[in-house]
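Let chain A serve as the given structure and place chains B, C and D on it in line with the hints.
4 protein chains.
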Amino acid sequence: MTMTPEQAAEIAALRSQSQTTRRATVPALEEILYEPLNVLDHGFVRVIDYMGDDSAVVQAARVSYGRGTKKVSEDRGLINYLMRHRHTTPFEMCEIKYHVKLPIFVARQWIRHRTANVNEYSARYSILDNEFYIPAPDQLAAQSSSNRQGRGDVLTGSEAARVLDLLKRDAAQSYASYEEMLNEKPDGSKRDEDREGLARELARMNLTVNFYTQWYWKTDLLNLLHFLSLRADSHAQYEIRVYAEAMLDTVQRWVPACYDAFREYRIGGAALSATAIKAVRRMLAGEQVDQAGSGLSAREWRELMDVLKPQG
Amino acid sequence: MTMTPEQAAEIAALRSQSQTTRRATVPALEEILYEPLNVLDHGFVRVIDYMGDDSAVVQAARVSYGRGTKKVSEDRGLINYLMRHRHTTPFEMCEIKYHVKLPIFVARQWIRHRTANVNEYSARYSILDNEFYIPAPDQLAAQSSSNRQGRGDVLTGSEAARVLDLLKRDAAQSYASYEEMLNEKPDGSKRDEDREGLARELARMNLTVNFYTQWYWKTDLLNLLHFLSLRADSHAQYEIRVYAEAMLDTVQRWVPACYDAFREYRIGGAALSATAIKAVRRMLAGEQVDQAGSGLSAREWRELMDVLKPQG
Amino acid sequence: MTMTPEQAAEIAALRSQSQTTRRATVPALEEILYEPLNVLDHGFVRVIDYMGDDSAVVQAARVSYGRGTKKVSEDRGLINYLMRHRHTTPFEMCEIKYHVKLPIFVARQWIRHRTANVNEYSARYSILDNEFYIPAPDQLAAQSSSNRQGRGDVLTGSEAARVLDLLKRDAAQSYASYEEMLNEKPDGSKRDEDREGLARELARMNLTVNFYTQWYWKTDLLNLLHFLSLRADSHAQYEIRVYAEAMLDTVQRWVPACYDAFREYRIGGAALSATAIKAVRRMLAGEQVDQAGSGLSAREWRELMDVLKPQG
Amino acid sequence: MTMTPEQAAEIAALRSQSQTTRRATVPALEEILYEPLNVLDHGFVRVIDYMGDDSAVVQAARVSYGRGTKKVSEDRGLINYLMRHRHTTPFEMCEIKYHVKLPIFVARQWIRHRTANVNEYSARYSILDNEFYIPAPDQLAAQSSSNRQGRGDVLTGSEAARVLDLLKRDAAQSYASYEEMLNEKPDGSKRDEDREGLARELARMNLTVNFYTQWYWKTDLLNLLHFLSLRADSHAQYEIRVYAEAMLDTVQRWVPACYDAFREYRIGGAALSATAIKAVRRMLAGEQVDQAGSGLSAREWRELMDVLKPQG
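Protein chains in written order, with the numbering used here: chain A, 57 to 368; chain B, 57 to 368; chain C, 57 to 368; chain D, 57 to 368.
Since the hints were made in silico from the structure, they are not lab data. Treat each hint with caution, since some may be false.
Same chains, same names: a pair is fine if it fits in one copy or spans any two.
Claimed, not checked - Mimicking EDC-like on lysine to aspartate or glutamate, the simulated pairs with C-alpha atoms at most 20 Å apart in a straight line are: (1) K246 <-> D185; (2) K126 <-> E66; (3) K246 <-> D209; (4) K334 <-> E320; (5) K224 <-> E187; (6) K224 <-> D97; (7) K334 <-> D362; (8) K334 <-> E359; (9) K126 <-> D243.
Chain A extracted, bound-state conformation:
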């Protein structure tokens, strides 16, 4: 992550302040409030603000006058019940706001989740920094031969070196042209007095999608968990998955009971189709069932076996 001393000082200033509030407060999350959690080579996720805690879910489910909580075990039981039966609205009663710095191509995937509030840094209005994402060597993966949208083995040797060279060279050239076209110094004055300088909203079109952008992103707990269930999944692209994983840690700090229920019923759970259920019933009745006899496609059978196989 790259941050100027001024930015670090702004964050430190925020972290040094404290106020008194009657609101539900979560010390474990306050600990890391405003702090950048590093992701990829220049990115980060920072929790900027939050509303509610585990009790707020319980309180809303009970439409209570006070905090609404009873014994911890009863509250956990209620949260588990809500998660299991997809009674979703109480999870919408908690809200969190992040500041995220991320490559443009990651931002393009992320923004597809529509039930969130977003304010992005504007390259019509301001000049983007010279920061772009270059994969670490162990993430320089070949195209998967079995999955059209997946990764295969890691590239090595001269191919890996060549790819890194191309990525770095093109991003650097891209930015150099951007600067030249803008014709603007950091203080806003012209670099070359004889030229006008291209409009910012046009010059930006020359940047590659591995350049970093940043935004404020705010959502409720239900939609956050939905986002994380898709983006922390093994099928998600690595470059967005690492953001999701950093955010999962913030969820664990924030609402530990909801987090546990989420692991039990979503992340760690599995959905079986009608045909898969029939196959499992037959297996439990002692029948030998194979793919052909199961009625499942080869791919579905493999997915079912992944669910049912004993774990090392």
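The following block gives chains B, C and D in isolation, referenced to the frame of chain A:
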């Protein structure tokens, strides 16, 4: 408003607590946090939680690392600019949660605003209290003769008395039947041991829509202001307008700069049509313009005159 | 269902018209277009319009220039894949619009699904008809003793008779008072010239929530399937489930491949928790597993057994 | 616009088909159905499907059993009334679906409108074409000196030539490296047998944001008009405005009465602030009002003068 001593004690307990937080905090709103603000004969609005303040709008608009605020006058200027030019996303960065007690027919209007999170008290699961709305005498209005969905003069004398009698009689009978069909005492035991008792989810169908329900309702500042611009408007039905007015006061405490911008550019402003603008231009050029010559319908002309007429 | 001759004639007129279009068209759905499908004692669902078909899902998934379809088996395979892996956006590319007549208490559950477009008949503007829902004798259920929001046995004998009497008496009285307070004849003139008549927006508060309302309701296929998965479920209240079931039939006519995938992967499928998966793995390995040893609660164990038990 | 003969043939095939339907149908829109409307150097907008017409708005507002229309003048009057008083829900009853080809930086602005359904061509799954946007000479604008996010004069001479050179050179190099890293021929075989080829989801990060992407985009009329009011506005960036303008023409064909109301009350209208209204009242009363005395900022005063000044 009707509240049991237990409910009052739960609220008092919440209000007596205080925590330390690094989050943006608004003392003027903390003052009334959790407190019921009375509305109609048995209803209320309570602020349960909030996220952000005026600075959070500024911070998001600037995608800043720290609080993002500069001088108060610059921040106000930015907020005014955002409001005027309908740059809406920064206003989504503040969030507020209310607990509301309201008649069912008001809830039915309210719920049409979809961009909010809601948890309502469930009459499938629990038994509704014997509380229904009866208009105060000065709100017992006749049908407007000019506006199909508006109110005319206040009813008086025997007609008013008869209406109040009918409303009270029918609501009371409605609830008496509800209780009889449920056959359930407050402690859950049967009233009449020889009967089963009708399912709660069925028995509730006998209640009139002036019975009170309650919910947790959470939304962001942008959508709250949109809700208030429609429901605090003079064309809104009185019974929902009084809720909107109570909530406007909470907005003023919470985000005073946004509130002022909202009054200046929304509540106190006006939208002119293309034809109305042409008429105003001609008037300013010294021309005498009347409705017939303006190209506006009689109704639009009246609306324009309301905007342009000198205020006493 | 109650419909005036004028309304029936309007529907017949619409059904008798036909136009030529280049759009994707579904003859099986056209057959029932505009026709009311009866639900409950006075309600209905009518398909008013639709956009897209099974191919539209395929077309969007492939971002194709033409219809996008290949062989029927490939298209079905793609739809199954999308449904199984929750690639949801292609299902948003089909849209349907219904006209629904339903009791207010059903409308109150229904409206909680926010991702739809709604226009409801306005009782501020117009007068509601004298139509209310009375359960059929086999739906007059007692409160369930095991499930706080469920139904138990059907009431019989004098208790059933008494409940029906109360429901009918109170609704009738409710409406009689409504009419008296309105003081308005069908032609808009006054019933009693000496009285004003209460404003419509106030008089309606005297109606019980089993009175019928109606609305236009439009949504995309994804959100419709989500609605149906919750409301056609056995845990849904009977009075909304019958609407969902009528709508399921329209989905089968409209997008048969999506419908089949929905039955296979949603309605007929099941979600297992992390702990349930572990239990199933042990069972398949030949171990005897009981509830205590499974780590599941009694209720979760019962739900798992319901999934795994051999079907008669 | 660039289109392969296969794509052109697919479109021609769709256009040559016709079906019979009972649905509301709009001949003027059918005329251009599926046809690409060229935008920028390689982009287009195509109407793929639609639901409803002007009557559908009227029908929903009246919750009618038939088409709901009365005399044309009454229907237009109702549509004007709904638009003027922001009774928005009836406009949600019409739906339209577009296929759009657009530069990535335009797609990034566009996607901020969340109330739409989107399926984008996936560069994780497929390979992007070698097509990028280069501004026409008359759009090669300098940065505005007065507006931080606007354009000034058009660049000329050697500066213009240099900018075009840089844009073309960098995009071309960007794509050449993309192809080299992918190491994939159009038929999917390897270009260089000795190399693996970088995963598509990684290689794409090297493309500049002026490369073209494409998507299916579907929305309702209300949200479409909101999108167009912002993106067809003179403050919108030229490269998205030309898409909005092409779409405005499709709206005029589709729902001419709504389109006229939109021009009268939105596009051609203006919003006045509370302070601006006061100033206009004083002017109309014959007072000389200048900026200082008006209470408006210099910028707001200028905006007001733009509204009020006589039009050439």
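Review point. What are the numbers of the hints that this structure violates, sorted from low to high?
Key: No numbers; nothing is violated.
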